[in-house]
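Q: If you read the protein sequences in the order shown, they are chains A and B.
FYI, the numbering for the first sequence is 70 to 326, going by the working numbering.
FYI, the numbering for the second sequence is 70 to 326, going by the working numbering.
All the given hints hold, so there is nothing to weed out.
When chains are identical, the list treats them as one kind, so a pair holds in a single copy or across two.
DSSO-like, lysine-lysine: derived pairs with alpha carbons at most 27 Å apart:
hint, residue 1, residue 2
1, LYS141, LYS184
2, LYS100, LYS132
3, LYS184, LYS217
4, LYS74, LYS85
5, LYS100, LYS141
6, LYS325, LYS290
7, LYS74, LYS141
8, LYS217, LYS100
9, LYS100, LYS184
10, LYS85, LYS111
11, LYS263, LYS325
12, LYS184, LYS86
No lab work stands behind these hints, which were simulated from the structure alone.
Predicted model only: the values in this text are computed from it and were never measured.
2 protein chains.
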Amino acid sequence: MLSRKQVKHIHSLRQKKFREIHRQFLAEGSKLVTEILESQYKVVTVYALADWLNRNENILHSKNIPFTEISKGEMDRITALSSPSPVLVIAEIPATPIIPATAIHDIILVLDDIKDPGNLGTIIRIADWFGIESIICSENTVDLYNPKVIQATMGSVARVSVAYLNLPEFLSSLDPVIKIYGTFPEGENIYSVKLDPKGIILIGSESSGISPEVVSKVTDKISIPSYATVTVRDHAESLNASIATAIVCSEFRRRKR
Amino acid sequence: MLSRKQVKHIHSLRQKKFREIHRQFLAEGSKLVTEILESQYKVVTVYALADWLNRNENILHSKNIPFTEISKGEMDRITALSSPSPVLVIAEIPATPIIPATAIHDIILVLDDIKDPGNLGTIIRIADWFGIESIICSENTVDLYNPKVIQATMGSVARVSVAYLNLPEFLSSLDPVIKIYGTFPEGENIYSVKLDPKGIILIGSESSGISPEVVSKVTDKISIPSYATVTVRDHAESLNASIATAIVCSEFRRRKR
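Starting from the given sequences, assemble the full structure and let the hints guide the process.
A: Structure representation (C-alpha cells):
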C-alpha cells in the first residue's frame with residue numbers, strides 16, 4: 070500500500086533539485102534493479118509487485134532492505150516507463166566518486182556538455198563494455214542520476230565511476246605527458262594514427278562539439294573517416310556523440326590486444 | 070493559417086495506418102527539412118513560421134512546393150518536438166526502394182526486428198556515414214516513416230535505401246558465396262577475423278538478438294570483445310544494437326582503406 074506522501078516523494082526525485090536535497094535517485098525494471106541490488110549502491114527502499122517480491126526475497130532479506138508490496142494500479146502511479154515494470158527502487162546517491170588511481174594508466178572518457186540523457190547512459194554502457202573505469206563530465210553535462218540516464222545505462226552505472234569537474238581545470242592539472250585526444254573533421258585518421266593506450270578521450274556536446282575553453286587542451290586531433298560517396302554540406306557533424314564514442318573506444322581497445 | 074482539417078491530417082500521420090493510406094510522412098526541424106527539400110523526396114506541403122519562409126523562399130519557389138505560413142501558437146498544435154521547430158513538412162512515401170545493383174559489391178545491413186525508432190534512425194545515420202547504401206529490414210522492424218525514426222536519421226534517410234523484406238526468404242535467395250555475418254558472444258574476435266569487404270551484416274533485435282529462423286543463415290559468427298575486468302552475468306547483452314552496428318561497420322570500413 071502506497072501513501073500519498075510516498076508517491077509525492079518518488080515524483081520529486083525526477084527533479085535534480087530534490088535529488089540533491091535527499092541524496093537519493095530512482096531505478097526501475099527487473100534487470101536494472103537486480104544490477105543495483107547486487108552493486109555497492111545502498112538501496113533505501115523497494116516498491117514491487119507480489120510476484121517480483123516472491124522471486125527476490127532472498128536478496129532483500131540478506132541485505133536487510135525495506136520493501137513495500139504494491140498493486141499494478143499503484144505502480145502505474147509511480148512508474149515513468151512506458152511498458153509495465155514490476156519494481157521501482159530508491160537508492161542513495163553516493164559521495165562524489167574518487168577517480169581510481171589505476172585510471173591514469175588507462176583511458177579516461179571526458180564528456181564536454183553531453184546534454185541528452187540517452188547519450189550519457191549509452192556512453193556509460195560503452196565504457197563498461199570496454200572496461201573503462203572512469204568518466205569525467207563537465208559541470209553542464211546532464212545529471213548522472215536523472216532517471217532517463219540511469220535507465221539507459223542498463224545497470225552499467227553500478228560499474229563505472231562518474232565524476233563532475235571543471236574541465237579546463239582538470240585538463241590543466243594533468244601530467245603533460247598524458248595525451249588528450251579529441252575528434253575533429255580535420256583530425257588524423259583514427260585507423261592509422263598512433264594511439265597511446267592510456268590517455269584522455271574527449272567527447273564534445275551533441276550540438277556544438279568540444280567547447281573553445283577545452284579545445285586548447287587537446288594534444289592530438291583525430292577523426293573517424295567517412296566512407297560516404299556523396300559529400301554533404303555538413304556531413305562531418307553527422308555521427309551521434311555516443312556512436313562516435315563507441316567507434317573511438319573500439320579502436321583504442323583493438324590496439325590493446 | 071491552419072485549418073482544423075489540416076491539424077487532424079498531420080496528427081493522423083503519426084500512425085502507421087494513416088501513413089499507409091495517404092502514402093505520406095512527416096519531418097520537422099530546420100536541418101532535417103533542409104535535407105529533405107534537397108533530396109529526391111517529393112514534398113507535399115510545408116508549414117513554417119514567417120522567418121523560416123523568408124530564408125527558404127528560393128528553394129520553395131524553384132521546386133514549386135506549396136507552403137503555409139503559420140504562427141508559433143499554431144506550430145505548437147502540430148509539432149511533436151520538445152524544443153520549438155520553425156518548420157514541419159509532409160512528404161510522399163516513395164515506392165518501395167529497389168536495392169541498388171552495386172550494393173551486392175559492398176556491405177548490406179540487415180536488421181532483424183529492430184523495434185526502437187531511435188535505434189533504426191541512428192543505424193541509418195551510421196550507414197550514411199560509412200557509405201553503406203542499403204539497409205534491409207525484417208517485416209517486424211519499426212516503420213521507417215515513424216516520425217521518431219525520421220527525426221533520428223537527422224536527414225540521412227534521404228541518402229540510404231531502406232527496404233522491408235521477409236528475411237529468411239531474402240537470405241536464402243543470395244548467392245551462396247556471399248558471407249552473412251552475425252554477432253554472437255561465442256563468435257570470432259572481429260578485430261582479428263578475416264572479413265570480406267562485401268557481405269551481409271546482420272543485426273539482431275534489442276531484446277532477443279537474431280531470431281532462430283535467421284540464425285541458421287549466418288555463415289560467419291563474429292563478436293565484439295569486451296575488455297571489462299569484472300565479468301558480469303549477462304555482460305554479452307550489454308551493447309545497444311546501434312552501438313554494436315557502429316563498431317562492426319567501423320571495423321569493416323577500416324579494413325577497406
